[in-house]
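S.K.: So you can see what is in the structure, the chains are spelled out below.
Number of protein chains: 2
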Amino acid sequence: MVASAAALEALDKDRDGALKRLFALLEIRSVSTDPAYKDECARCAGWLAEDLRLIGFDASVRPTPGHPMVVAHAKSPNADAPHVLFYGHYDVQPVDPLNLWETDPFAPRIADVNGEQAVIARGASDDKGQLMTFVEACRAYMGNGGLPCHVTILFEGEEECGSSSLPGFLAANRDELKADFALVCDTNMWDAKTSAITAMLRGLVFEEVIIHAAKRDLHSGLFGGPAANPIRILSNILGRLHDKEGRVTLPGFYDGVSELPDDIAAQWKALPFDGAAYLGDVGLSVPAGETGRSVLEQMWARPTCEINGIIGGYTGEGAKTVLPAQASAKVSFRVVGKQEPAKIAASFRDFVKANLPADCSAEFISHGASPAIQLPFASPALSAAREALAQEWGRDTVIVGSGGSIPIIGELKRELGIDSLMIGFALENDRIHSPNEKYNVSSFQGGARSWVRVLEALAK
Amino acid sequence: MVASAAALEALDKDRDGALKRLFALLEIRSVSTDPAYKDECARCAGWLAEDLRLIGFDASVRPTPGHPMVVAHAKSPNADAPHVLFYGHYDVQPVDPLNLWETDPFAPRIADVNGEQAVIARGASDDKGQLMTFVEACRAYMGNGGLPCHVTILFEGEEECGSSSLPGFLAANRDELKADFALVCDTNMWDAKTSAITAMLRGLVFEEVIIHAAKRDLHSGLFGGPAANPIRILSNILGRLHDKEGRVTLPGFYDGVSELPDDIAAQWKALPFDGAAYLGDVGLSVPAGETGRSVLEQMWARPTCEINGIIGGYTGEGAKTVLPAQASAKVSFRVVGKQEPAKIAASFRDFVKANLPADCSAEFISHGASPAIQLPFASPALSAAREALAQEWGRDTVIVGSGGSIPIIGELKRELGIDSLMIGFALENDRIHSPNEKYNVSSFQGGARSWVRVLEALAK
Numbered sequence: 120m121v122a123s124a125a126a127l128e129a130l131d132k133d134r135d136g137a138l139k140r141l142f143a144l145l146e147i148r149s150v151s152t153d154p155a156y157k158d159e160c161a162r163c164a165g166w167l168a169e170d171l172r173l174i175g176f177d178a179s180v181r182p183t184p185g186h187p188m189v190v191a192h193a194k195s196p197n198a199d200a201p202h203v204l205f206y207g208h209y210d211v212q213p214v215d216p217l218n219l220w221e222t223d224p225f226a227p228r229i230a231d232v233n234g235e236q237a238v239i240a241r242g243a244s245d246d247k248g249q250l251m252t253f254v255e256a257c258r259a260y261m262g263n264g265g266l267p268c269h270v271t272i273l274f275e276g277e278e279e280c281g282s283s284s285l286p287g288f289l290a291a292n293r294d295e296l297k298a299d300f301a302l303v304c305d306t307n308m309w310d311a312k313t314s315a316i317t318a319m320l321r322g323l324v325f326e327e328v329i330i331h332a333a334k335r336d337l338h339s340g341l342f343g344g345p346a347a348n349p350i351r352i353l354s355n356i357l358g359r360l361h362d363k364e365g366r367v368t369l370p371g372f373y374d375g376v377s378e379l380p381d382d383i384a385a386q387w388k389a390l391p392f393d394g395a396a397y398l399g400d401v402g403l404s405v406p407a408g409e410t411g412r413s414v415l416e417q418m419w420a421r422p423t424c425e426i427n428g429i430i431g432g433y434t435g436e437g438a439k440t441v442l443p444a445q446a447s448a449k450v451s452f453r454v455v456g457k458q459e460p461a462k463i464a465a466s467f468r469d470f471v472k473a474n475l476p477a478d479c480s481a482e483f484i485s486h487g488a489s490p491a492i493q494l495p496f497a498s499p500a501l502s503a504a505r506e507a508l509a510q511e512w513g514r515d516t517v518i519v520g521s522g523g524s525i526p527i528i529g530e531l532k533r534e535l536g537i538d539s540l541m542i543g544f545a546l547e548n549d550r551i552h553s554p555n556e557k558y559n560v561s562s563f564q565g566g567a568r569s570w571v572r573v574l575e576a577l578a579k
Numbered sequence: 120m121v122a123s124a125a126a127l128e129a130l131d132k133d134r135d136g137a138l139k140r141l142f143a144l145l146e147i148r149s150v151s152t153d154p155a156y157k158d159e160c161a162r163c164a165g166w167l168a169e170d171l172r173l174i175g176f177d178a179s180v181r182p183t184p185g186h187p188m189v190v191a192h193a194k195s196p197n198a199d200a201p202h203v204l205f206y207g208h209y210d211v212q213p214v215d216p217l218n219l220w221e222t223d224p225f226a227p228r229i230a231d232v233n234g235e236q237a238v239i240a241r242g243a244s245d246d247k248g249q250l251m252t253f254v255e256a257c258r259a260y261m262g263n264g265g266l267p268c269h270v271t272i273l274f275e276g277e278e279e280c281g282s283s284s285l286p287g288f289l290a291a292n293r294d295e296l297k298a299d300f301a302l303v304c305d306t307n308m309w310d311a312k313t314s315a316i317t318a319m320l321r322g323l324v325f326e327e328v329i330i331h332a333a334k335r336d337l338h339s340g341l342f343g344g345p346a347a348n349p350i351r352i353l354s355n356i357l358g359r360l361h362d363k364e365g366r367v368t369l370p371g372f373y374d375g376v377s378e379l380p381d382d383i384a385a386q387w388k389a390l391p392f393d394g395a396a397y398l399g400d401v402g403l404s405v406p407a408g409e410t411g412r413s414v415l416e417q418m419w420a421r422p423t424c425e426i427n428g429i430i431g432g433y434t435g436e437g438a439k440t441v442l443p444a445q446a447s448a449k450v451s452f453r454v455v456g457k458q459e460p461a462k463i464a465a466s467f468r469d470f471v472k473a474n475l476p477a478d479c480s481a482e483f484i485s486h487g488a489s490p491a492i493q494l495p496f497a498s499p500a501l502s503a504a505r506e507a508l509a510q511e512w513g514r515d516t517v518i519v520g521s522g523g524s525i526p527i528i529g530e531l532k533r534e535l536g537i538d539s540l541m542i543g544f545a546l547e548n549d550r551i552h553s554p555n556e557k558y559n560v561s562s563f564q565g566g567a568r569s570w571v572r573v574l575e576a577l578a579k
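Note that the protein sequences, when read in sequence, are chains W and U. Start counting the first sequence at 120; every next residue gets the next number (our numbering). Start counting the second sequence at 120; every next residue gets the next number (our numbering).
Just so you know, the hints here were simulated from the structure itself, not pulled from any lab data.
Chain copies aren't distinguished; within one or between two, either way the pair holds.
Once the Cα atoms are required to be at most 16 Å apart in a straight line, the calculated EDC-like pairs of lysine to aspartate or glutamate come out as:
1) K439 - E327
2) K312 - E511
3) K334 - D400
4) K334 - D478
5) K312 - D515
6) K457 - E378
7) K363 - E409
8) K457 - D538
9) K388 - E378
With the hints as constraints, model all of the structure from the sequences given.
M.R.: As structure tokens, then:
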């Protein structure tokens, strides 16, 4: 029997034990944002380190300025095996409003939810259930001949309150945490029967612009006509950032943006995703992005320019015939592929300045610039994981994108220089951050089995 | 000797008496906005009615819900003479900051200001000095054979605090106040040696528009791309309200806008007005109105579209990746000539609606719509007054416009159906509403002589 088959068999035999361990973890009230639960967070880290030691990891609780990290190492018997860094977080969201919970959020139970057996508890899905899928896979391997990859585990306790200790911790322990790539289990499946790997995250460039015109507010009766109006100038500039096809007009904006590989494009096209229903949920119906692109493409694979805020002149009740001295807007760009944040910020600023009357000026404030994360579609690790998941779930793995960023992925890339495979088994309807959070038993058990297959595939 | 020559001679002989009467009026603390001065306002109205009765007017103080009006009538011996309604206001602005006054604001005195003799007091220019120019002209006529026109006088006591009683008073006394046209003395000369008649006031159409998109605020990571952004839609609409030549693009916007008559255009072109200095005072330098139009034309004779306020999304410190549910703007139009306010509001609303995505909507709020006031340039009254003033001041009278509205002119047109000749003798540097308000003695004496000539000319 090959190691993975033995590990899968071990997982299937010890389902009750795995659930019991998950329940023990879920009973710990590790709410990171509330100082009242500081000791519970420490206890949670201790519980995980102890469990990992029981499996055979060299595990320790590591202090930070905030809640502690858990770091654990285990070698594969195969010295040449690749080295993976697994990331999860043991802290959970607060439970309010408590009255909307059907039972105590920290008294996990199994219940039928829409015909599926699910674990109900705060953190069941986000992220204790998810991280335990990996721990259980490691347990199964280490009790049956050893891991196919060298494994380092990093569990964070501040993901739900800003991860403020994470960058410093990564930087301070770079050599210890360095690996060939990271595995992150904090994302969703496509649906309850279809696995997914998140391979692309859009980056974000956030600019604020303030247009200055006259040196004081003016009366539109006296000055309306000859005097520059900064709201008019700003509107005119912002109104020309998109063409009629919804494309961003800034010079060079699409440099570094690639078309999807044919197989991914075909997969997305075939997905049972109803763009109209997605928009319909929020009262909209017309996809506002680039003409000819699907809603999924517009969200996951295409860059945007959005105006997130604008203000100028009189904004109270009624009317005031004022020509204001200034007007301002907050403008952000979601970036993809190899778009360069600094170039996009510069192109925006140049565009604004090129469209100013000679007697007006523009002031700019940067509120951050981070590039997109994009796993090479052709990378062997992505292909191997995709195939392994397909074997487990019996259908093709969906390669998905995310319209927003996931900070840990950027930190791992920036601080350790490694790419992440984002593989998760949560579902859209898991009610994370909400009352009665749940994690399907099939997610938990299928997740653990998935990691067994993925670790084997990555080692080949 | 003709009547006007006798009246002019009488004015010149009684200069000291006229100043003494003006001083007595200026000593009354008729601050209309401060309830503490209610009795002073009533005393001021009484003083004026008494002075008019002394001259021979049938004068009375008329109560209103606020401060009283003064109404007075005097017939011309010539039964066929035209009938004029003269308007002025006896209330004054508050005096704060009192410490910036060189002497008591209600202890009028004559002083040298930049080489010119001037009366210094609150209300010296706005509007007690101005209204007394007309009273003195009437006094000079009525003591020397009678008025060339039938005269009704209306003095208001609430001009500086919103004129809230005026529309009702005009409507309730329509028959008594009806005249062939009105004379209003509350405007400026072109300069200390050049008289001016204000013949055009821009009207105002004020619209508020609210663009509604999604039914709640959205996260730009999840929805940026496919979801409509109301700020982007609003900016795009507002940014297209002007073309590259600064003209307003709304269909039919320029219907009813005429070019200036050649003589007025030539006069404005020849005026010693420095558009660059006018803009330079407020930190600007590039005329922002229609290309090819002078600053004076842009202010006085051309319609505008201005955005007076805009707000949407996140406008606090820092960044927030929100796609707001709505965005709104306050948009006003200064209108001229025969532009129809209702049509302009409708054209704006149609333009907004025509540029909305199908899943967004627009809500509109009207904050008022009033047409422009434009005296027919060829009207006999305007020509007569212009010529009479030119005779007095020894140089051509400038026909000027005003970029903003003067509410009384609109009320007289709306309630009584009569046009107004706006003839005033104040100067730009009279410091009205400010400490050390002044009225040049030459304005006061030349103003009274001007009215003698204007009344004679209007009677011809």
